[in-house]
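*Asks:* Letter by letter, the chains look like this.
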Amino acid sequence: MTIEEVQNEIIDEFSMFEDWEERYQYMIDLGKTLPLIDEKYKTDDHIIKGCQSKVWVHAEMDKDKVKFTADSDAIITKGIIAILIRVFSNQSPQDIIEANADFIDKIGLKEHLSPTRANGLVSMIKQLKMYAIAYQTQLN
Amino acid sequence: MKIKEQHIGFNVEAIRKDFPILKRKINGKPLIYFDNAATSQTPQQVIDVIVDYYSNYNANIHRGVHSLSQEATDAYELARHKIQKHFNAAYSHEIIFTAGTTHGINLVANGFASLIKENDEVIVSALEHHSNIVPWQMLCERTGAKLHVIPMNQEGDLELSKYEALLNSKTKLVFVNHVSNALGTINPIKSIIEKAHDVGAAVLVDGAQSCPHIKPDVKDLDVDFYVCSAHKICGPTGVGMLYGKEKWLKTLPPYQGGGEMISEVTFEKTTYADLPHKFEAGTPNVCGGIAFGAALDYMNAIGFDAIASYENELLNYATDKLLEIEGLKIYGTSKQKTSVISFNVGNIHPYDIGTLLDKMGIAVRTGHHCAQPIMDYYQIPGTIRASFMFYNTKDEIDVFISSLKKAIVMLS
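Chains as they are written, first to last, in the working numbering: chain X, 1 to 140; chain G, 1 to 412.
Some hints here could point you the wrong way.
[Stated by the list, open to error] Label pairs and their in silico Cβ distance ranges:
no., chain 1, residue 1, chain 2, residue 2, range
1, G, 38, X, 22, 27 to 35 Å
2, X, 130, G, 320, 47 to 55 Å
3, X, 130, G, 25, 32 to 40 Å
4, G, 320, X, 29, 32 to 40 Å
5, G, 51, X, 9, 48 to 56 Å
6, G, 320, X, 13, 40 to 48 Å
7, G, 59, X, 47, 44 to 52 Å
8, G, 324, X, 139, 57 to 65 Å
[Said to hold, decoys possible] With a Cα cut of at most 30 Å, we get these calculated DSS-like pairs of lysine-lysine:
no., chain 1, residue 1, chain 2, residue 2
9, X, 106, X, 67
10, G, 245, G, 269
11, X, 106, G, 405
12, X, 42, G, 329
13, G, 406, X, 110
14, X, 110, G, 23
15, G, 405, X, 32
16, X, 32, G, 29
17, X, 32, G, 406
Just so you know, these hints were derived from the structure itself, not from any lab.
No experiment lies behind these values; they were computed from the predicted model shown.
Beta carbons: idealized from backbone N, C-alpha and C, even for Gly.
The following block holds chain G by itself, in its conformation from the complex (with noise of 0.2 Å):
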């Protein structure tokens, strides 16, 4: 079948037609959609790449002898090669398909349950998803190591200096997202993994939030894990990916046993598969894993820098707009951010604006972002999070303000 055609440069009004969901209506007022950074909506390029699976290659991967099977293990493993070479990784077995950022933390955390001893020392920021908590507080627990927390100040930094107080040789491994997804703040994740490496210890990214806004080079970074969401992407949900540099994924063992990640199986033993497979238990997402490597392409054909640098104007103008509202405070004010802007509007309720914005057509984030610990430092309940990708615009914004104004008067 036909695929929509690629974008070749930036054009907004271009852009949106590519969006479907854009043309729809909610509470009879056109969508505005500033809910992306809990999901991305997905463009004709990457939905004709789904259907055109599902019409014409379906079938399962890497055992078939048949022609469409072949198809689409092409598809899958080409689709590996447009992850591989989008975050510069030296080989394409270092990226395993995931279902999603959680899994990939999953995976490694588990990974390392039989390399952490009692009394070795993991850090997390104070910025985290629950989803980068949870998982070590769980291999602390079963482990007996010693979890640490990176604080953040008051403009949603990370506080180095006592990063660095808490590193030494009982160190071991350190996790912290690229960018923040309850405050936007950008870490300098760079220099974390650098002085991590100092004394040993292994970093995991999580970039979740980084990925819609950054083009990440593991290589350059010299990261040992990162981790995404396709869903955040522009692609679809229910798959990942987990960026592991090669020496890390012939460490660890395998997550989860079944077909397709053993290299010969006797009831005395089974020899495991070889990179990536090894981490690729059971049937795949093989389509979502196609559409992820289509959302890829679709980004790259607009551009990172493009994008980047329209967000960043879109961030700047709704800031100015909001700032200028009397009693409004926003949680997060680094330097360095992506398009997340998160506040509050005197004693309001988040909740409150939140429902009547979407009887507006404005569909925000309201709540604890899975948070909690950043919403506890600020001892609030939560907060609305408007946050802006490239398909969104200044007239959008607008709205937004006279909406988010409407709705103050009315709970006032």
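Bound-form chain X, shown alone (with noise of 0.2 Å):
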């Protein structure tokens, strides 16, 4: 599926719920499924600045894909990484870097885009496009 399509099923999936707390129970169950990172990468290193709870992000490329696995120490904010991770990673560097985000504000978490936000989506995003970035000037 292409980084859109991945995108459009979530909105689906999101447009079900009635309100807030259906959103948050459903993200903090997402959060409880997200396959964790390698404890071996769970360093200072891995570590998305910036962030209240702790954040760590690895990325890989398997051929010519890039993979993201990931973990944090606060259940809503693995939610949110594990929606991210849905729809970036196994994508080609190219795409990732072409992606936008708007559809976090179609599924009503418009809140945690805010750049001034202590768990900031957008550190999280920007984090996970420079990887894309470095991987895609491997490739050149």
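Reconstruct the complex from the two isolated chains, following the hints.
*Replies:* As structure tokens, this is what we get:
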């Protein structure tokens, strides 16, 4: 699936929720199912700075696709990462670089998009894109 | 313009009507504001004073010969007198207007850089906010002085016997907060000051967290420096005060150079202005200073005894209700506390609870509260901190408790 297709699928899923409680319960449950990062990558150089909870991200190339794994010590943050990984993992570096994150607004999580928020989705997306840029540079 | 009248006596329902922000809804729910230790809300009586200043007599002060400047200067200096009276300082020139607590601490730390020598010793407490740790670390780096720490215990009280053991003839300065921002502990500053004076050391007390709840008497405390911020006491942000004993303020060199703080300037030599202007370079926050005075008027009209007794009731009520929740642990259980409760629930991350409470209209603080050494002591990443002011109610605490229980169920 393309990034856009995955995003539309997530928008469809979230459209079934009637209120914030259902949305957040779903994210909390997603957080619990997140494939965890290998313990050896839970180091300071894998931490995304500027988050109130700790967030670790690891990226590697699998053929021509970037694979992300991540973890956090806060469960809602983990849910958000799970959504991001579903969108951005297993995609080509170029597609990741070009993708936009408007779908976050459409699934009712706009408040997490503020660049000044302590657990900025913005800084997580930026970090995923940084990895993609690095791999794209290698491919060129 | 007509400024809203002050209250006489304590009536929480009437008091709540003074705070326009308490009518707000957050995520569709009535706002419950329990982040008062970060900043307090502003009553109409203070907002009116701010609007009146900019509507009727905004001018630069101390220099103008025109009427507006004179009116603004009079109002600003009247505010200084109100602050002097509130803190019971001997002279109004012992009150220096600052940009806030952090500014006041840095002003004193910078001043002492020329008075402290290598191998002198300074003492801070384990309960300090980063703003009362970092400036002294910087001072020690510059001067080669040694920094010692008064340790704390599990309850969140300072270990005073260990403090006494740290004091000696090389101790030049002691820095301690009156109330811990992360735990709410009220420190026994009178005895801390007395013991420091016995070895000839000066004491700076950070009053950022005490001033909303306690009326400090600097003469009775015999404290050398006392600092606070207006925004924690129903005033605006960006203004605060430093109280310093006259002898210290005369000894310390100026912190910043500029207009207002000089007596005469030639390219050969500048002589500095008298106190308090020596420490007030540049155009100050005139409106902020005046509103600071209005905020103290507001709090004093209600009365600090009534405020403290009501807030203590809220603290006990909330503490009892919270402790009924399974797995909930309160950090900071000193017998002497202001209305601050820091807690965690099981292994749930504070951020998760804070996020869900916000969805239910409740503002609390989560994180390390700029007091990482305390979090390290308890070996936790942070806490959830609920802090109450005299305009909060038991009904709000009930909603907070049921919302918290709901968040816990969602996260389990």
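*Asks:* Does each hint hold? Answer for all of them.
*Replies:* Now the hints, each set against the structure:
no. : hint                        : verdict
1   : 38(G) - 22(X): 27 to 35 Å   : holds (31 Å)
2   : 130(X) - 320(G): 47 to 55 Å : holds (49 Å)
3   : 130(X) - 25(G): 32 to 40 Å  : holds (38 Å)
4   : 320(G) - 29(X): 32 to 40 Å  : holds (33 Å)
5   : 51(G) - 9(X): 48 to 56 Å    : holds (52 Å)
6   : 320(G) - 13(X): 40 to 48 Å  : holds (42 Å)
7   : 59(G) - 47(X): 44 to 52 Å   : holds (51 Å)
8   : 324(G) - 139(X): 57 to 65 Å : holds (59 Å)
9   : 106(X) - 67(X)              : holds (25 Å)
10  : 245(G) - 269(G)             : holds (27 Å)
11  : 106(X) - 405(G)             : holds (29 Å)
12  : 42(X) - 329(G)              : holds (28 Å)
13  : 406(G) - 110(X)             : holds (23 Å)
14  : 110(X) - 23(G)              : holds (24 Å)
15  : 405(G) - 32(X)              : holds (20 Å)
16  : 32(X) - 29(G)               : holds (28 Å)
17  : 32(X) - 406(G)              : holds (18 Å)
Of the numbered hints given earlier, the model fails none.
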